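Given the coordinates of chain A, assemble chain H onto it according to the supplied hints.
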Amino acid sequence: MTKATFVFISCVLLSLPLVLSAGQISIETQLLICTPFILILGIPHGAIDNTLYLRNNTISNTAFISSYLVLIAANIAIWIFLPALAYLIFLLLSAYHFGQSQFSHHFSKTSIAEQALFLFWGGSLLTGFVYFNHAEISSIINNNIEFSVFRNIHGLDLTLYLLVALSTLTLFLLGVLFVRKLIKLEAILMEILVLLLVMASFYLMPLLIGFSLYFIILHSFKVLREEYNFLKKEEITSSLFDFTKLIAPFTILSIFGILFLYGLIYFDFLGLSYGYGLLVIISSITLPHVFVMNRFYNLLSRKNLVETMS
Amino acid sequence: MTLLDVLTIPKDDPIAFTFFTGYMAMMAASVFFFFERGNVEGKWKLSLLVSGLITFIAAVHYYYMRDYYLATGENPTALRYIDWTLTVPLMCVEFYLLTKAAGAKISLLWKLIAASVWMLVAGYIGEAFNPAGGSASHSVLWGVLSTIGYVYILYTAWFGEVAKLAEASNNAVVKRGVRTLAWFVLVGWAIYPIGYMCMPGGWLNTAFGWGSENVDLFYNIADAINKIGFGLVVYNIAISSGAKAQAA
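So the sequences go chain by chain: A and H. Just so you know, we're using our numbering here: the first sequence kicks off at 1 and counts up by one. Just so you know, we're using our numbering here: the second sequence kicks off at 1 and counts up by one.
These are computed hints drawn from the structure, not numbers from a lab. Everything numeric in this text was worked out from a predicted model, so none of it was measured. Treat the hints with care, since some could be wrong.
What the hints assert, rightly or not - Calculated pairs, SDA-like style, for lysine to any residue (alpha carbon to alpha carbon, straight line, at most 25 angstroms):
#1 H:LYS164 to A:VAL7
#2 A:LYS184 to H:ALA168
#3 A:LYS184 to H:LEU232
#4 H:LYS45 to H:SER241
#5 A:LYS184 to A:ALA165
#6 A:LYS184 to H:SER169
#7 A:LYS3 to H:ALA172
#8 H:LYS175 to A:SER108
#9 H:LYS100 to H:LYS175
#10 A:LYS3 to H:ASN171
#11 H:LYS164 to A:GLU186
#12 A:LYS3 to H:GLY160
#13 H:LYS111 to H:ILE82
#14 A:LYS3 to H:TRP118
To be verified - Just a few of them, taken from the derived set where beta-carbon distance is under 7 angstroms, the chain H residues facing chain A:
#15 ALA136
#16 VAL140
#17 GLY143
#18 VAL144
#19 THR147
#20 VAL151
#21 TRP158
#22 TRP203
We treat Cβ as the ideally placed atom computed from N, Cα and C, and that holds for glycine.
Isolated chain A (complex conformation):
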């Protein structure tokens, strides 16, 4: 069990009775509850992408930031001209990224089987999220004209088939990796338990709270710990305070960037709804982040630091 898993289990156990007894929680209240945690842990986990990417690399900081911004711009362009494709890319990259961070402490080397596992695990997670919150997601899609293009992707039957297929493939790959002695039985049992708990929290909790619990603790907190431990080992930071100083600039910049874009939406310069704008923003910052994190985990493998980081 990783520390992130322990915190996740504890938070689910402690918050579940409170959330269940609270009755209906409006989406605005959910946003109010989740936003501080997203700002404190969610955004910072991607705020040192430059530091991580420049480690053991010859590329300059300016070149990195320029490439990062070009990728973001390219992604926004795809959203403008081919929104369905942009959405599909976002789902696939997110699935892979979530799976990779979930299993990062298990594998010192990643072959095709491990990479497929990342994709299928992340795919199970995302389809589970959509399936167990289908009524709320359908209502968002139906109430916003921009989302109409996704209506077919999120049909209830298709989502269920995908959930069953991806979960089965995840279990199958875990079995294959166990037979090849690349993962221990105990680790498999823990991962199954965690996936069941994540699914239960998606089912039992309101849309945003359920997803934020996963995203903030099991994903962002775990990645932040890995980043912190890596930078400490590399003697780039020596304390939590140093680390906070390192993540602060781009965290603050991101928050102001999001506020600026929301200002543009508020004054109707972009002609978008808040929900759609948020989706485009998240997808655009996810795209370069996924590549950076992929390189980060490869770097951990090369330096034989995988098991000590989580």
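Showing chain H alone in chain A's frame:
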């Protein structure tokens, strides 16, 4: 006159069934642990005695709970918590005894006992003082407070003092044993809240209509798994450790 002259076990009552099997299983496990105590190395005898005591105390309580349930059809809440107040701290003693050789201090034992008593007292208030008809806020408040004690024990077993001492013991058998017990705390102990949420006002009771009789069904299943399972893990450590010592 025997018990069965005045009380019958309904064929379709799984709770009565689990009370009877629970009683017999606990008694059989006690006999097993007490007898096997003579077959393990000296340093494991106390652990086996504690394992036997846990199941024996539970067996005695199950004897009374079984009769109480058959006579009244009600949850034997007081008897249940008296049993747990004695046996759960004894499970914490098992953690202490296993890691004692690696340097566990008596303060570890007291911290675990305090957390387990906190967990049980909060659970007891939640269940025994539940207003008539059930109250969701009462059930949630005391359920959450009880969970804090559980989370502390879970942390200690997986990351805290117990885990660190097991790691420092350099004994593969102890490490594996402590990890197995930690799994019992994570999964086996998590069955109890399912029972707790079946009481009137509990979430499973109100949301899914699971009757309050299920409280005892889940508790009986959890008790059988955890108390006997805990003892068997300790027994396995003692036997494996002895075999390893003989081989060396």
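Each hint, compared with the structure:
no., hint, verdict
1, H:LYS164 to A:VAL7, "18 angstroms, holds"
2, A:LYS184 to H:ALA168, "22 angstroms, holds"
3, A:LYS184 to H:LEU232, "23 angstroms, holds"
4, H:LYS45 to H:SER241, "12 angstroms, holds"
5, A:LYS184 to A:ALA165, "23 angstroms, holds"
6, A:LYS184 to H:SER169, "22 angstroms, holds"
7, A:LYS3 to H:ALA172, "22 angstroms, holds"
8, H:LYS175 to A:SER108, "23 angstroms, holds"
9, H:LYS100 to H:LYS175, "13 angstroms, holds"
10, A:LYS3 to H:ASN171, "24 angstroms, holds"
11, H:LYS164 to A:GLU186, "19 angstroms, holds"
12, A:LYS3 to H:GLY160, "11 angstroms, holds"
13, H:LYS111 to H:ILE82, "20 angstroms, holds"
14, A:LYS3 to H:TRP118, "24 angstroms, holds"
15, ALA136, "5 angstroms, holds"
16, VAL140, "4 angstroms, holds"
17, GLY143, "5 angstroms, holds"
18, VAL144, "6 angstroms, holds"
19, THR147, "5 angstroms, holds"
20, VAL151, "5 angstroms, holds"
21, TRP158, "5 angstroms, holds"
22, TRP203, "5 angstroms, holds"
Checked against the numbered hints above, the structure breaks none of them.
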